[in-house]
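Put the complex together from the two separate chains, hints included.
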Amino acid sequence: GQNIDQPTEMTATEGAIVQINCTYQTSGFNGLFWYQQHAGEAPTFLSYNVLDGLEEKGRFSSFLSRSKGYSYLLLKELQMKDSASYLCAVSNDYKLSFGAGTTVTVRA
Amino acid sequence: DVKVTQSSRYLVKRTGEKVFLECVQDMDHENMFWYRQDPGLGLRLIYFSYDVKMKEKGDIPEGYSVSREKKERFSLILESASTNQTSMYLCATRTGGQNGYTFGSGTRLTVV
Chain A
150 GQNIDQPTEM
160 TATEGAIVQI
170 NCTYQTSGFN
180 GLFWYQQHAG
190 EAPTFLSYNV
200 LDGLEEKGRF
210 SSFLSRSKGY
220 SYLLLKELQM
230 KDSASYLCAV
240 SNDYKLSFGA
250 GTTVTVRA
Chain B
9 DVKVTQSSRY
19 LVKRTGEKVF
29 LECVQDMDHE
39 NMFWYRQDPG
49 LGLRLIYFSY
59 DVKMKEKGDI
69 PEGYSVSREK
79 KERFSLILES
89 ASTNQTSMYL
99 CATRTGGQNG
109 YTFGSGTRLT
119 VV
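So the sequences go chain by chain: A and B. Quick note on numbering: the first sequence equals residues 150 to 257 in my numbering. Quick note on numbering: the second sequence equals residues 9 to 120 in my numbering.
Hints may be right or wrong, so weigh each one.
[Unchecked claim] Taking lysine to any residue pairs in the SDA-like style, the calculated list, with each CA pair at most 20 angstroms apart, reads: (1) 244/A - 120/B; (2) 244/A - 76/B; (3) 244/A - 38/B; (4) 244/A - 70/B; (5) 63/B - 240/A; (6) 61/B - 77/B; (7) 79/B - 243/A; (8) 244/A - 67/B; (9) 11/B - 191/A; (10) 244/A - 22/B; (11) 244/A - 62/B; (12) 244/A - 61/B; (13) 65/B - 177/A; (14) 244/A - 79/B; (15) 244/A - 17/B; (16) 11/B - 195/A; (17) 244/A - 63/B; (18) 244/A - 50/B; (19) 11/B - 190/A; (20) 244/A - 80/B; (21) 244/A - 24/B; (22) 244/A - 58/B; (23) 244/A - 39/B; (24) 11/B - 189/A; (25) 244/A - 81/B; (26) 65/B - 241/A; (27) 61/B - 79/B; (28) 244/A - 69/B; (29) 61/B - 243/A; (30) 244/A - 66/B; (31) 65/B - 243/A.
Don't read these hints as lab results, they were simulated from the structure.
Just chain B, same shape as in the assembly (with noise of 0.2 angstroms):
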């Protein structure tokens, strides 16, 4: 089974901080995807990755940026993290075919 490991479960961070989501998978997949879900509005694309050092921005990337220099990392970056950042980040890789992506078990941020 594909595994995805996001580092941290729970993360506070103050205001200001700069903030690194780390998220390692290990079947050697070429997509990786990082969402954030909130309550009611589900989960929204922020960054997506086809391939090592390639980036595209998803639907919401403003206040984020995104690193991926190996192949099983890519890593979401707050440049300067903010109150409407608090949210849980789920990372994804594309699994292919009919089963569609597999997820991290998330990481709870809030910042304060």
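Looking at chain A on its own, in the form it has when it is part of the complex (with noise of 0.2 angstroms):
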């Protein structure tokens, strides 16, 4: 089975730093997804994690540690436009299995 676990909501000022934290047990692993998703539109693709260690995109990095089932997503320098939903999700086999989201709202 799969269990994926993340936070469903965090609170950030703009200019700020966040970090989603995900967590997972899974019956295999080929790499972990992050995507952002808006309110009614469809997840795009953020980062992508197959190795332990951190992978740095501009604003947002995202770390694993396979040992832990652990991973986690950092947004700096936060704007308006990164209130969205953050998905988390684990590739077993070429099928991405998902947490839940956690939305994350960024006040002025």
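The following block contains the structure:
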């Protein structure tokens, strides 16, 4: 079975940093993805980790520890447009299993 | 860029109706997937297909079937719609490598 946990909601101030944690217990592992989803829209790809360590892409970074079944997404220099849901997903045999998503609200 | 097109953005159907949700992709990808998304539950895999005429059950296939007669088209079928199938339905194609999936814009289905 698949069990992927992430917080339901987070609130932060414009310009700040927010870290969204994701823990997983899955029957297999081919990689971990983070997606962003604005209300009423399709999820869009943010990052991918398959090896342990930090992947940095502009204001967004993602970290993976396979031995701990743990990942986080770091959003820096928050902007109002970053208000969205962030989905953690584990790839197993090329199928994605998703957490329930974390809604991030950025306040002015 | 890969384009995944879902034929309807919003649908309202009556209980017991047969419902077809269509998904078309333009990049000749072999892998296609149907998910439903509900508040607090996230995206759950209904069915997937690795190739034409091939289909596999996902985590919640009950009440659904699929059809893949051509590589570019993957259809989700609700044989007899029920109110608990009211949801957002998302189609995706596997882009490959580190880019994961590309999703369609979704179909919000309401069964009354």
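task: Hints the structure violates: just list their numbers, smallest first.
output: 1, 10, 15 and 21
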